[in-house]
Amino acid sequence: MPEIIDKVAIKLSVNGVSHSLTIEPRMLLVELIRETLDLTGTHVGCDTTYCGACTVLMNGAAVKSCTVFAVQADGAEVMTVEGLERDGQLHPIQKAFGDAYGLQCGYCTPGLMLSTAQLLAQNQRPSEKEMRKAIAGNTCRCTGYQNILKAIQLAAQNMKGA
Amino acid sequence: MLAEFGDDAKLLAGGQSLIPLMKLRFANPSHLIDLNFVAGTSYIREENGTLYFGALTRHAEIETSPAAAKIPIIRDCAAGIADVQVRNRGTIGGSLAEADPSGDWATVLMTLQTEVRCQNATQDRGLQLADFIKDAYTTALAHDEVVSEVVVKVPPKGSGGAYLAFKRSAPVYPTASAAVQLAMAGEVCRDAAIALGCVGLTAIKAKDAEAALRGQPVTKKTLAAAVEAARAAAEPQSDMRGSADYKRTLVGALVKRAIDVAVRRARGEQVEVSHIYA
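Quick mapping for you: the protein sequence lines, in order, are chains R and L.
Taken in order, the first sequence gives residues 385 to 546; the numbers are from the numbering used here.
Taken in order, the second sequence gives residues 4 to 281; the numbers are from the numbering used here.
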């Protein structure tokens, strides 16, 4: 058995809040988010780098938080679904997923919304092909797919000029 | 550190293969050395017709780079590996060092002149990619060595290439893949490089398929001969992704399509292809 080495001190920002934590090096980022910080909006679907339910933004890039060690987020800015809303107002992406019925049970929705956030930050007018490519890593997927594309399109429209 | 911790230490690059392997306990390293905080390991440089990729350069960075715009087969690969999230983390050096038989980079880079720079605490050496990859999950890296850089020659003018991989969904490994790089002189194929992925213990260089095209015009007949030779070169295993027969048929179809795209690109046509999935 490998020896369990000492805990490691890290600093990171999650949804704009700075945290200084001392954690086990084997802890996954999703475990830190859900269990240490109690931000349970990020979900664990498959835990095998497949489904994308655990997607968060790390320094603006969508990552599967089940496949990043928490110590690797040292110094990073992480955004989870809880960080989307501003002053009690839903983010346009959240609102669009509701308005376009882009969710059913909602388990995959936080991950899909963060993949959408990276897409729309880079490309304000994505084509359908670009939208499909952007969410290809989110295979945990409510609704039979079409409404999610409608939701992303609606979010893109509503965010223009924002 | 590798010298200090010995054989059981593992290097962590993008982690998109290694972390899942650790969860399955297929990998159980005593020490994990994270390379992500090492400065100056992620870059793409071009000098005198040669591209230099830092080992920690992420697929996503390569996807949108001028280098990828210049060599379409590199873009086909970088833009199609797994999904956005994995491309944001996964690295070119990590992919080659992992030597997964279903990885994309080795298959593609096998069709270009590629050197893998390996480094330990005191020395640096360069290996041709074909010599670097020894077997499935096995490379020529010594246990105290790390991949530092991947060096790729820019193909000459009049070249065209394409990489096509077929997979059941974005995040999974392909069922089969084909990389084709051709140097054309008018209608005649001056030189050909063809590699097959996921149908053997390593990427397979389809030498007879290359010979079927080399020095020949690309016609229905020479194309059919190349495809047949590629099918014969494949060594597929039946598994959950498909039977061996199915994969052999699939890889032939991918080679055929990749040759067609490579010829068109060599003529200067803009053709967009990438991984194929539902």
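Simulated from the structure, these hints should not be mistaken for lab results.
All C-beta atoms in this analysis are idealised placements derived from N, C-alpha and C, irrespective of residue type, glycine included.
Keep in mind that the hints are not guaranteed to be accurate.
When the alpha-carbon atoms are kept at most 27 Å apart in a straight line, the in silico DSSO-like pairs for lysine-lysine are as follows [said to hold, decoys possible]:
(1) LYS224/L <-> LYS73/L
(2) LYS259/L <-> LYS517/R
(3) LYS391/R <-> LYS156/L
(4) LYS73/L <-> LYS517/R
(5) LYS224/L <-> LYS210/L
(6) LYS26/L <-> LYS391/R
(7) LYS513/R <-> LYS544/R
(8) LYS13/L <-> LYS26/L
(9) LYS224/L <-> LYS513/R
(10) LYS73/L <-> LYS395/R
(11) LYS534/R <-> LYS479/R
(12) LYS259/L <-> LYS156/L
(13) LYS395/R <-> LYS156/L
(14) LYS513/R <-> LYS259/L
Between beta-carbon pairs, the in silico distance windows are [to be verified]:
(15) THR252/L <-> LYS391/R: 51 to 59 Å
(16) LYS156/L <-> GLN530/R: 43 to 51 Å
(17) GLU419/R <-> ASP194/L: 16 to 24 Å
(18) ASP422/R <-> LYS160/L: 57 to 65 Å
If you check each hint against the structure, which ones fail? Violated hints (numbers, rising): 1, 3, 9, 10, 13, 17; every other hint is consistent with the structure.
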